[in-house]
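Trainee: The end of the sequence shown is residue 295 by our numbering, with every number in the run present.
What the hints contain is simulated information worked out from the structure, not anything from laboratory work.
Just so it is clear, the structure is predicted and the values come from calculations on it, not from any experiment.
Each residue gets a CB set at the ideal place from its N, CA and C atoms; glycine is no exception.
One should not assume that every hint holds.
As the list claims (entries may be wrong) - Using C-beta positions, here's what the derived DEER-type ranges look like: (1) Leu-40 - Leu-285: 30 to 40 Å; (2) Asp-250 - Leu-281: 28 to 38 Å; (3) Asp-105 - Arg-244: 29 to 39 Å; (4) Leu-285 - Asn-190: 18 to 28 Å; (5) Ala-123 - Gly-209: 21 to 31 Å; (6) Gly-179 - Ala-150: 39 to 49 Å; (7) Ala-123 - Ala-38: 30 to 40 Å; (8) Arg-80 - Pro-44: 30 to 40 Å; (9) Ala-52 - Gly-214: 15 to 25 Å; (10) Arg-176 - Ile-97: 40 to 50 Å; (11) Leu-33 - Leu-281: 36 to 46 Å; (12) Ala-38 - Arg-244: 22 to 32 Å; (13) Ile-97 - Val-134: 28 to 38 Å; (14) Leu-234 - Leu-127: 17 to 27 Å.
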Amino acid sequence: MSKPDTAAVGDASNAAQRNDAEQPKKAAPSNLLMRIAAALVLVPLALGAAYAGGMFWTALVTVVAVGLYLEWLMVVGEVRTVSVGTAGAVAIAVAGICCAFGLVDFAVVVLGIGLLVVGGLAAGRRLWVVAGFVYASAAELASVLVRLDASEGWHALVLALLVVWASDIGGYVAGRGIGGPKLAPRISPNKTWAGAIGGFAASLVAATGWSLSGAGGLLAMLALAAGLSVVSQLGDLAESAVKRHFGVKDSSHIIPGHGGLLDRLDGYVAAIVFAAIVGLLRGGLDGVGRGLLVW
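Based on the sequences and whatever the hints tell you, model everything.
Mentor: Structural data, given as structure tokens:
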């Protein structure tokens with residue numbers, strides 16, 4: 001092949017590369033099917049344990065809380081400090097055992113001691129490690145307290161779950177179907193205002209349905225759902241901000257289509273802690289559910 005021929009081939013190749021670069025990139029395949037498959041497994045598991053209550057719900061919550069804590073350590077880059085991970089996981093597990101036997105006050109003491117130990121053992125990024133332990137512990141205690149109410153715990157917990165799930169599904173559908181202006185592009189580039197509004201509207205629909213089933217007054221449920229939806233979405237953004245700060249895309253890959261426990265439960269954790277605080281202030285330690293539903 002002569003030199004002119006070689007040059008011609010090179011020019012053609014460069015032109016083809018430029019044309020390829022100018023073409024819009026095809027969107028990645030949707031992970032909707034994986035999300036649905038994961039939901040078909042996780043939703044019945046969560047509802048079944050929530051309905052059973054007692055040790056079943058507490059066991060699930062405790063395992064998840066340990067997972068949240070360990071994933072947090074992965075995100076902030078401290079998971080290799082074995083003593084920090086072990087001490088925190090053991091404290092959360094022991095607190096769960098206390099809760100399973102109704103000893104919530106002992107659980108709080110155990111978690112307080114665990115907080116001091118974890119903070120003392122953390123060699124680097126101590127504040128981030130402590131924040132992760134508080135985050136997982138709060139998720140554990142709040143989940144237990146909301147369900148603990150013998151009369152209204154089940155209804156209150158399901159309301160929180162329904163609102164979070166509806167907000168997530170509504171946001172996903174509206175965000176992908178409508179798109180539009182970004183909600184917080186520096187924190188989470190994929191979230192849009194349409195998704196936020198869609199999630200909020202879906203949560204109100206879910207609360208309406210739950211109220212009509214006899215779970216609580218309509219106006220109270222709508223107001224509570226509105227607060228839970230907003231807090232849930234803020235929790236989602238907060239978790240995204242932490243991951244972006246540390247340059248992490250997913251907290252793990254344990255849940256197909258969703259990433260890790262932190263990715264899947266960020267909204268739930270924020271919502272259930274908010275629900276527990278409201279219920280605790282209005283109904284006391286044994287009446288968190290009633291405090292949420294009876295107005």
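Trainee: Take the hints in turn and mark each one as holding or not.
Mentor: Taking the hints in turn, this is what the structure says about them:
At about 35 Å, the CB distance of Leu-40 to Leu-285 agrees with the hint of 30 to 40 Å. Under the hint 28 to 38 Å, the C-beta atoms of Asp-250 and Leu-281, about 35 Å apart, fit the expected range. Against the hinted window of 29 to 39 Å, the Cβ-Cβ separation of Asp-105 and Arg-244 comes to about 38 Å, which satisfies the hint. For Leu-285 and Asn-190, the hinted distance range of 18 to 28 Å is not satisfied, since their beta carbons lie about 40 Å from each other.
Against the hinted window of 21 to 31 Å, the Cβ-Cβ separation of Ala-123 and Gly-209 comes to about 50 Å, which falls outside the hint. Our hint of 39 to 49 Å for Gly-179 and Ala-150 holds, since their Cβ atoms are close to 46 Å apart. Against the hinted window of 30 to 40 Å, the Cβ-Cβ separation of Ala-123 and Ala-38 comes to about 36 Å, which satisfies the hint. Distance hint for Arg-80 and Pro-44: a CB-CB separation of about 36 Å, consistent with the stated range 30 to 40 Å.
Between Ala-52 and Gly-214 the C-beta distance comes to about 21 Å, which sits within the given range of 15 to 25 Å. In this structure the hint that Arg-176 and Ile-97 lie 40 to 50 Å apart at CB holds, the actual value being about 42 Å. The hint said 36 to 46 Å for the Cβ distance between Leu-33 and Leu-281, and at roughly 42 Å that hint holds. Distance hint check for Ala-38 and Arg-244: the Cβ-Cβ separation is about 24 Å, which falls inside the suggested range of 22 to 32 Å.
Restraint check, Ile-97 to Val-134: a C-beta distance of roughly 20 Å breaks the suggested window 28 to 38 Å. Range check, Leu-234 to Leu-127: Cβ separation about 20 Å, and the 17 to 27 Å hint holds.
Figure legend: structure checked against the earlier numbered hints; hints not met, in rising order: 4, 5 and 13.
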